[in-house]
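*Asks:* The task is simple: from the sequences and hints, build the whole structure.
2 protein chains.
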Amino acid sequence: MTCEGKTSDVEAFFASAPSLRDEDTIRQRVQVFIDEHRSRHNRLVCVTSGGTTVPLERRCVRFIDNFSSGNRGAASTEYFLKADYAVIFLYRGGTIQPFCRSVPDDALLTCLEPDDSHGIKVRAEFYSDVEHAIRGNHEGLMSHKLLKVPYTTLFEYLQILQIIATAAHSLQRLAMFYLAAAVSDFYVPWESMGEHKIQSAGGSLAMQLAGVPKMISVLREGWAPNAFCVSFKLETDQTILIQKANDALRKYRVHAVVANELNTRRKKVTIVTANGDTVIERTDQAPDVEMELVGFLCEKHAEFISNGQYT
Amino acid sequence: MTCEGKTSDVEAFFASAPSLRDEDTIRQRVQVFIDEHRSRHNRLVCVTSGGTTVPLERRCVRFIDNFSSGNRGAASTEYFLKADYAVIFLYRGGTIQPFCRSVPDDALLTCLEPDDSHGIKVRAEFYSDVEHAIRGNHEGLMSHKLLKVPYTTLFEYLQILQIIATAAHSLQRLAMFYLAAAVSDFYVPWESMGEHKIQSAGGSLAMQLAGVPKMISVLREGWAPNAFCVSFKLETDQTILIQKANDALRKYRVHAVVANELNTRRKKVTIVTANGDTVIERTDQAPDVEMELVGFLCEKHAEFISNGQYT
Numbered sequence: 001m002t003c004e005g006k007t008s009d010v011e012a013f014f015a016s017a018p019s020l021r022d023e024d025t026i027r028q029r030v031q032v033f034i035d036e037h038r039s040r041h042n043r044l045v046c047v048t049s050g051g052t053t054v055p056l057e058r059r060c061v062r063f064i065d066n067f068s069s070g071n072r073g074a075a076s077t078e079y080f081l082k083a084d085y086a087v088i089f090l091y092r093g094g095t096i097q098p099f100c101r102s103v104p105d106d107a108l109l110t111c112l113e114p115d116d117s118h119g120i121k122v123r124a125e126f127y128s129d130v131e132h133a134i135r136g137n138h139e140g141l142m143s144h145k146l147l148k149v150p151y152t153t154l155f156e157y158l159q160i161l162q163i164i165a166t167a168a169h170s171l172q173r174l175a176m177f178y179l180a181a182a183v184s185d186f187y188v189p190w191e192s193m194g195e196h197k198i199q200s201a202g203g204s205l206a207m208q209l210a211g212v213p214k215m216i217s218v219l220r221e222g223w224a225p226n227a228f229c230v231s232f233k234l235e236t237d238q239t240i241l242i243q244k245a246n247d248a249l250r251k252y253r254v255h256a257v258v259a260n261e262l263n264t265r266r267k268k269v270t271i272v273t274a275n276g277d278t279v280i281e282r283t284d285q286a287p288d289v290e291m292e293l294v295g296f297l298c299e300k301h302a303e304f305i306s307n308g309q310y311t
Numbered sequence: 001m002t003c004e005g006k007t008s009d010v011e012a013f014f015a016s017a018p019s020l021r022d023e024d025t026i027r028q029r030v031q032v033f034i035d036e037h038r039s040r041h042n043r044l045v046c047v048t049s050g051g052t053t054v055p056l057e058r059r060c061v062r063f064i065d066n067f068s069s070g071n072r073g074a075a076s077t078e079y080f081l082k083a084d085y086a087v088i089f090l091y092r093g094g095t096i097q098p099f100c101r102s103v104p105d106d107a108l109l110t111c112l113e114p115d116d117s118h119g120i121k122v123r124a125e126f127y128s129d130v131e132h133a134i135r136g137n138h139e140g141l142m143s144h145k146l147l148k149v150p151y152t153t154l155f156e157y158l159q160i161l162q163i164i165a166t167a168a169h170s171l172q173r174l175a176m177f178y179l180a181a182a183v184s185d186f187y188v189p190w191e192s193m194g195e196h197k198i199q200s201a202g203g204s205l206a207m208q209l210a211g212v213p214k215m216i217s218v219l220r221e222g223w224a225p226n227a228f229c230v231s232f233k234l235e236t237d238q239t240i241l242i243q244k245a246n247d248a249l250r251k252y253r254v255h256a257v258v259a260n261e262l263n264t265r266r267k268k269v270t271i272v273t274a275n276g277d278t279v280i281e282r283t284d285q286a287p288d289v290e291m292e293l294v295g296f297l298c299e300k301h302a303e304f305i306s307n308g309q310y311t
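Taken in sequence, the protein lines are chains H and D. For the first sequence, position 265 matches number 265 in full-length UniProt numbering, and the numbering has no gaps at all. For the second sequence, position 142 matches number 142 in full-length UniProt numbering, and the numbering has no gaps at all.
Careful, some of the hints might be misleading.
Stated by the list, open to error - Selected chain D positions facing chain H (Cβ under 10 angstroms, derived; list incomplete): (1) 17; (2) 63; (3) 97; (4) 101; (5) 116; (6) 130; (7) 193; (8) 223; (9) 225; (10) 226; (11) 236.
Honestly, the hints are just simulated from the structure, not real lab data. Where a beta carbon is used, it is the ideal one built from N, C-alpha and C, also for glycine.
*Replies:* Spelled out as structure tokens, the structure:
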């Protein structure tokens, strides 16, 4: 295992993490899903979406959160399903779900209303968006092409990602990881964390956070070394973005890094690969930038499946 | 203005806060609502609910969050409406809404399904919960007894609370503040905050957070000095809880402090007043602890309205 994800750091991280709730159930659901698609020789992508939290106290009142609406992960899942991939959607609870991008916040209260005959109905102005959401989700689940697995904390995210990646190793090059989740870089190690709520009597508060071991290296080298792996780089400062994406490509040995800037991320991304950069800008005709992004990556993945490499 | 909410600290806090989006609209909605209920001599309560976030960067990617589902605020709002109060529900976006406590997470996808005639319908097992949610919410809004105002950050929460409290001053003793939201004790002052995403190259991260001025004092002394004011104290350590609630009662000069412990908060609360402590425990027959809690506080408020004090 190389540089950025030292075995000892990674082992220490997992050893000190709180145990994953429902681990057996999650492991079984993932295994059954992957086995089914392996037997059919289907392509499978694990799309991670939303942001992780980092608890600051063991009996958690306060935590650090990484903001992400989940829009990119939800959109990309829709396009991967359309491209006939099986999708494991590893998402932060409460973030945007596939087929639900047009549904408003607080959807139930906003979209439904009492009707005249003492029942309830969908408001006319939301009907087509709600129908799209319910039908898309239902078809994904019923066809066994979509498996949704929620997480909240950084610990849960990495524990579940490990379960998925080690199981997906059996798919070899047919598996893709599309790591769009916003994962914390820093955390409070569980054993150094206070049992009780931090007391505020002192006036101010100094916090010391440790770096999270870079698990992408571990995924690439240990968990699923033959899978096609796409990571994401989000910055607010355009001037350092492409350089950092190139650094990540080399350091973590992923197949592509999708570089995006906070303010323009819905309109433009740059896909950085060993063969150069590809800029994707949303045209006026396109519903979003993910359609072309996913299309591009599906092509690269197809080349990779055939040749073990891509251009 | 006394001890804990020094005028200079409070002024500095508001002066350095980012400006409130839609301030004029919020101010107008609040004013119209309060004016209507003042003209009808109605009792009015401002229920705060959910937890505040504290941004760690100006172009916010990371933030500290205070966990709160919003269950207590939502439940209490229902009982205040039943007791014929007008309610301003100041809630964290995405937390539990009044009448929606029985509705599952991810309600739209969970509660609706395609029907046989190419439409969509509410799943039978969720029908009565969904109907209760939609009708309760609709009646609250249509009767003009319920005003819902969302916030996300600590800055937004305190700015909106100030707007509500200064407007509610005109109601004199008919106004109540029921401050159930989980408000950050620490924050990063806006002017000392980085413009860009914190860089993780260094490995670990040290953060210095400042104490938030205690706005309850300011509410009591400056914004709405004649309103009945109830604050909440949540601890994970039972041994310090009642002492801290008593400290808060004295320091902030509120009329009651509701003390609750993280693990037992759904079953038991202690109401600490100048006249002693009252323990409320949920019985097997009661749907929740809030029914009796709100009933108790409505009685105290009624005494306070009649006499300017309570027993």
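*Asks:* What are the numbers of the hints the structure violates, in ascending order?
*Replies:* 1, 4, 5, 7, 8, 9, 10
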